[in-house]
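First to last, the protein sequences are chains G and S.
Per my numbering, residue 20 is the first one in the first sequence, and the count goes up by one each step.
Per my numbering, residue 17 is the first one in the second sequence, and the count goes up by one each step.
Treat the hints loosely; a few may be bogus.
As the list claims (entries may be wrong) - Below 16 Å or equal to it, Euclidean Cα-Cα: the simulated EDC-like pairs (lysine to aspartate or glutamate) are:
#1 S:242 - G:101
#2 S:309 - G:39
#3 S:482 - S:557
#4 S:687 - G:163
#5 S:309 - G:38
#6 S:555 - S:490
#7 S:228 - S:118
#8 S:171 - S:200
#9 S:195 - S:222
#10 G:90 - G:108
#11 S:738 - S:557
#12 S:309 - G:37
#13 S:341 - S:118
#14 S:309 - S:278
#15 S:242 - G:95
#16 S:242 - G:108
#17 S:580 - S:567
#18 G:21 - G:39
#19 S:279 - S:308
#20 S:681 - G:149
#21 G:90 - G:101
#22 S:309 - S:335
#23 S:572 - S:694
#24 S:587 - S:560
#25 S:681 - G:101
#26 G:170 - G:149
#27 G:171 - G:95
#28 S:228 - S:122
#29 S:687 - G:142
Derived by calculation from the structure, the hints in this document are not laboratory data.
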Amino acid sequence: MKPIAFTLNGVARTVTVDEDRNLLWVLRDDLGMTGTKFGCGASFCGACTVLLDGKEVRSCVTPVSRVAGRKVVTVEGLAQGDKLSPVQEAFVEHVGFQCGYCTSGMVIGATALLNANPRPTREQIVQGMERHLCRCAAHHRIVDAIESASKKMAGGAK
Amino acid sequence: MTRPTHDDEMIVPEGWGFVETIDRRDFLRLTSSGLMVVFAVKPAEGTFRPVWNFAEQQRTPPDFNAFLHIGANGRVTLFVGKIEMGQGIITGLPQIAAEELDVPLERVDCVMGDTDLCPFDNGTFGSLSVWRLGPVLHAAAAEARAVLVQMASEKLGVPVGDLTVKDGVVVSRTVASRKVSYGELAGGKKIERRYEGQAALDKVSEYTIIGKSYPRRDAIEKVTGKAKYSGDIAPPEALHARLVRAPAHGAVLTTVDTSAAEKQPGVRVVRIGDPKDGGLVAVLHAHRDEADKALRLVKTTFTPSPNTLDNENIFAHLEAAAVEKRPAGAAGDVAVGEKAAARVIVAKYRKGYVAHAPMETHSAVAAMGADGRLTVWASTQTPFPLQTQLARATGLPPDKVRVITPFVGGGFGGKSAGAQAVEAARLALAAGKPVRVTWSREEEFFFDTFDPAAVINIRAGLDASKRIVSWDSEIIGAGSRGAAMFYAVPNHRTMTKGSWSGNQGGMHPFAVGPWRAPGANANVWARESHIDTLAAAAKMDPLEFRLLNLDNPRMKRVLEACAKLFNWTPKAAPSGRGVGLACGEDAGTYVASMAEVKVDAATGAIRVLRVACAQDMGVVVNPEGARQQMEGCIMMGLGYTLAEEVRFRNGEVIDRNFGGYGVPKFSWMPKIETLILDSPDLPAQGGGEPAIVVMGAVVANAVFDATGARITQLPMTPARVKAALGMRG
Chain G
20 MKPIAFTLNG VARTVTVDED RNLLWVLRDD LGMTGTKFGC GASFCGACTV
70 LLDGKEVRSC VTPVSRVAGR KVVTVEGLAQ GDKLSPVQEA FVEHVGFQCG
120 YCTSGMVIGA TALLNANPRP TREQIVQGME RHLCRCAAHH RIVDAIESAS
170 KKMAGGAK
Chain S
17 MTRPTHDDEM IVPEGWGFVE TIDRRDFLRL TSSGLMVVFA VKPAEGTFRP
67 VWNFAEQQRT PPDFNAFLHI GANGRVTLFV GKIEMGQGII TGLPQIAAEE
117 LDVPLERVDC VMGDTDLCPF DNGTFGSLSV WRLGPVLHAA AAEARAVLVQ
167 MASEKLGVPV GDLTVKDGVV VSRTVASRKV SYGELAGGKK IERRYEGQAA
217 LDKVSEYTII GKSYPRRDAI EKVTGKAKYS GDIAPPEALH ARLVRAPAHG
267 AVLTTVDTSA AEKQPGVRVV RIGDPKDGGL VAVLHAHRDE ADKALRLVKT
317 TFTPSPNTLD NENIFAHLEA AAVEKRPAGA AGDVAVGEKA AARVIVAKYR
367 KGYVAHAPME THSAVAAMGA DGRLTVWAST QTPFPLQTQL ARATGLPPDK
417 VRVITPFVGG GFGGKSAGAQ AVEAARLALA AGKPVRVTWS REEEFFFDTF
467 DPAAVINIRA GLDASKRIVS WDSEIIGAGS RGAAMFYAVP NHRTMTKGSW
517 SGNQGGMHPF AVGPWRAPGA NANVWARESH IDTLAAAAKM DPLEFRLLNL
567 DNPRMKRVLE ACAKLFNWTP KAAPSGRGVG LACGEDAGTY VASMAEVKVD
617 AATGAIRVLR VACAQDMGVV VNPEGARQQM EGCIMMGLGY TLAEEVRFRN
667 GEVIDRNFGG YGVPKFSWMP KIETLILDSP DLPAQGGGEP AIVVMGAVVA
717 NAVFDATGAR ITQLPMTPAR VKAALGMRG
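All chains should be built: construct the whole structure from the sequences, respecting the hints.
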């Protein structure tokens with residue numbers, strides 16, 4: 020066991036755990052952050068996606084030691100108080116969800132996508148989100164939401 | 017767009033979905049005064065087994081389905097045993113109550129799926145919530161409104177006929193200052209009304225809340241990660257459990273060595289009974305990943321599975337299975353029909369097992385309280401049947417078991433069995449601690465109650481005037497849903513052998529169960545494929561052929577509407593264009609879809625470019641919600657049509673994660689157009705399933721139109737497409 024310090028949703032945190040503990044379960048079980056979901060445990064589905072220094076990673080296959088000294092953002096860290104992020108707002112507006120279980124990962128994945136490419140084409144959105152699964156099949160609305168968030172963010176609505 | 021505003025009597029706290037934190041005390045306080053209307057829909061014979069266990073509070077009769085309460089603050093709370101798994105009834109059902117009560121929607125709260133707080137409900141499936149509970153809810157809310165108006169009449173000294181209701185305030189039509197709010201009328205009193213009559217539909221043209229696309233009430237919680245699912249519930253001291261599992265169905269545990277696991281810090285091992293006979297061996301730890309690690313340290317040996325079936329030999333096995341055939345509809349005389357036929361066309365259709373694969377695996381948390389009552393939070397579509405199941409498994413009386421259903425992360429019929437909740441409950445009692453069971457994805461793909469494999473044999477006769485004169489079909493494995501003959505065929509007969517419900521005669525090598533429109537996906541696909549084959553034999557455009565052979569005006573109307581939406585131009589198939597259509601009836605709703613596909617002859621890959629879908633579903637409570645269900649059906653339906661098939665061999669399930677089992681992805685997205693027909697004369701019908709039943713056929717028919725190859729096995733994988741292309745004459 021050793022202390023691992025990192026920034027979680029803008030707040031400095033230290034966890035003292037075995038280095039090979041898994042980021043997903045440290046977030047969920049040790050820190051009580053249940054917004055990040057378990058879906059497949061093997062990086063296929065994307066439900067567990069978090070931002071690591073602004074890029075998406077699958078927390079279910081990420082050892083917690085990998086986040087030492089770095090910035091982790093989970094779905095709980097996107098809104099500023101009651102003010103949703105542009106991506107969250109767009110998911111609400113376009114109803115980019117049904118059961119909501121993949122939604123945390125979708126919203127984080129979309130945020131990472133727009134971080135890397137603020138004005139993606141529809142094809143780039145489809146490609147960028149391909150490894151996120153949604154069984155309720157809200158795909159069209161999710162792509163619409165990401166397109167719309169991209170436009171709003173470019174328009175200065177950030 | 018936020019959740020309803022809250023006040024002191026609001027019992028649904030912000031950020032908590034809807035039921036998890038309400039305790040009995042809150043509930044008793046809420047319902048100790050105010051107007052309570054209990055209402056019952058007459059249950060179909062034998063389908064409901066009411067078990068009302070409202071402990072100390074047994075003041076209501078045992079055979080009602082839901083109730084609503086109006087408090088001193090004018091808030092309406094609706095208590096229903098249904099659950100929210102993405103289908104949107106958390107918004108739709110309050111819309112119905114708000115409409116009839118004349119209160120703003122944001123003043124209606126909805127408590128769902130809690131066996132302590134809600135009246136008995138058989139489960140959330142079959143597109144029944146709006147279709148069957150909706151009318152009762154209409155009537156109960158109308159009854160509540162009538163009671164309140166009567167009370168207002170007495171209080172204000174104004175005749176009932178001179179009163180109207182606006183935004184929850186009863187007001188005189190002539191003297192606007194004479195008014196009293198629902199809250200003032202209901203507060204400080206205890207009034208109970210019971211409603212049992214048949215619901216009368218109001219004039220649809222007068223609706224102001226029904227028919228509007230209100231935003232989903234679960235939106236903010238779901239995009240912020242605050243929405244709670246069963247796996248998110250963590251009572252103090254709770255332990256995650258991972259169970260020792262057999263590698264194959266039919267394999268039996270012979271030895272188990274947990275000594276290495278037990279040495280891990282924080283690990284507990286729990287054994288219950290004999291593993292050969294329903295016993296459990298589990299490793300428990302406060303952290304899930306450490307429980308996973310401990311499970312990997314458990315050494316086991318198993319007997320080999322005696323099962324010799326696989327996903328290739330299963331079809332011959334199903335056809336040979338000694339299970340009784342049952343009639344599922346007939347008219348005229350098929351032999352006479354065939355004599356009148358100019359030609360008889362015979363085909364055999366086969367489909368494999370399909371997994372539900374909800375994104376949330378089966379999860380449950382069980383905690384025994386100091387009061388001797390067991391609380392189980394479970395991802396389930398059937399909280400009340402689960403309560404009975406838990407009581408049976410634990411030996412507790414049913415009224416000592418409470419099932420709470422937080423948000424469910426997708427069900428599609430697959431969360432009706434409850435095995436994970438039973439595991440959590442048994443382990444919690446044995447461990448003396450709350451226990452969390454969240455199935456791994458590998459467990460999910462192994463213990464799923466799959467959509468059954470099926471073989472459907474059809475013989476149909478066509479006469480010289482291009483009319484279908486006989487239809488003889490035998491459905492093995494799928495059951496009869498979706499197989500009712502709605503074409504104008506004078507002589508037809510349908511027999512079934514086995515179904516998705518139960519595993520008759522041990523036909524299937526593992527559990528099967530309901531999968532979104534159970535059986536109908538297979539049956540509609542086979543029928544509509546065969547209809548297309550007949551149309552091609554008649555050298556007729558497949559739409560014109562259907563219209564010629566239909567006299568059902570609703571089906572004709574929905575087909576014609578779809579044709580207009582799609583811009584269908586008549587041509588006999590195969591036309592090389594790659595367009596196809598299919599129609600069906602499910603949950604009272606009529607549906608027609610048309611699709612355009614592209615087939616890559618070199619790889620055998622099918623790309624679905626465009627799907628247009630028209631539905632006649634009666635009055636629509638929330639059109640946007642209904643469209644979301646249609647879109648989801650179309651996109652999900654591409655999975656069983658093109659790729660999804662459970663591969664198995666000798667009791668082993670081969671694909672146990674998303675790497676091998678292909679569910680629809682973003683890159684599959686066709687252009688989707690949906691149309692809901694205006695149908696004000698028909699009450700609301702089912703909407704969660706109809707649009708999926710036509711997906712297999714609409715794509716298969718478009719592939720036939722593109723290539724001239726008729727593919728008679730689902731899913732239409734590239735290998736099967738190539739094989740079919742190779743066999744073209």
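Check the hint pairing residue 738 (chain S) with residue 557 (chain S) against an upper bound of 16 Å on the C-alpha distance. violated (25 Å)
Residue 309 (chain S) and residue 37 (chain G) were given as a pair; does the straight-line alpha-carbon distance stay at or below 16 Å? holds (12 Å)
Keeping to a limit of 16 Å between CA atoms, is the pair of residue 242 (chain S) and residue 95 (chain G) held or broken? With a Cα-Cα distance of about 8 Å, the restraint between residue 242 (chain S) and residue 95 (chain G) holds, given a limit of 16 Å.
Holds or violated: residue 687 (chain S) and residue 142 (chain G), Cα atoms, limit 16 Å. At roughly 13 Å apart (the allowed maximum being 16 Å), residue 142 (chain G) and residue 687 (chain S) satisfy the hint.
Would the hint linking residue 309 (chain S) and residue 38 (chain G) be met if the CA-CA limit is 16 Å? This hinted pair holds, its Cα atoms lying about 14 Å apart.
Does residue 95 (chain G) sit within 16 Å of residue 171 (chain G), going by the straight-line distance between their CA atoms? At roughly 21 Å apart (the allowed maximum being 16 Å), residue 95 (chain G) and residue 171 (chain G) break the hint.
Distance restraint between residue 90 (chain G) and residue 101 (chain G), which requires alpha-carbon spacing of 16 Å or less: Between residue 90 (chain G) and residue 101 (chain G) the Cα gap is close to 22 Å, so the pair fails against 16 Å, i.e. violated.
Tell me if the straight-line CA distance from residue 90 (chain G) to residue 108 (chain G) falls inside 16 Å. violated (23 Å)
Between residue 681 (chain S) and residue 101 (chain G), does the CA-CA distance stay at or below 16 Å? Violated: residue 681 (chain S) and residue 101 (chain G) sit about 32 Å apart, past 16 Å.
Between residue 555 (chain S) and residue 490 (chain S), is the straight-line Cα distance small enough, at 16 Å or below? Since the Cα atoms of residue 555 (chain S) and residue 490 (chain S) sit roughly 26 Å apart, the hinted pair is violated (cutoff 16 Å).
Taking only the CA atoms, is the gap from residue 309 (chain S) to residue 335 (chain S) under or equal to 16 Å? Violated, at roughly 44 Å.
Within a Cα-Cα threshold of 16 Å, do residue 482 (chain S) and residue 557 (chain S) meet the stated pairing? holds (12 Å)
When each numbered hint is compared with the structure, violations occur for hints 6, 9, 10, 11, 13, 17, 21, 22, 25, 26, 27.
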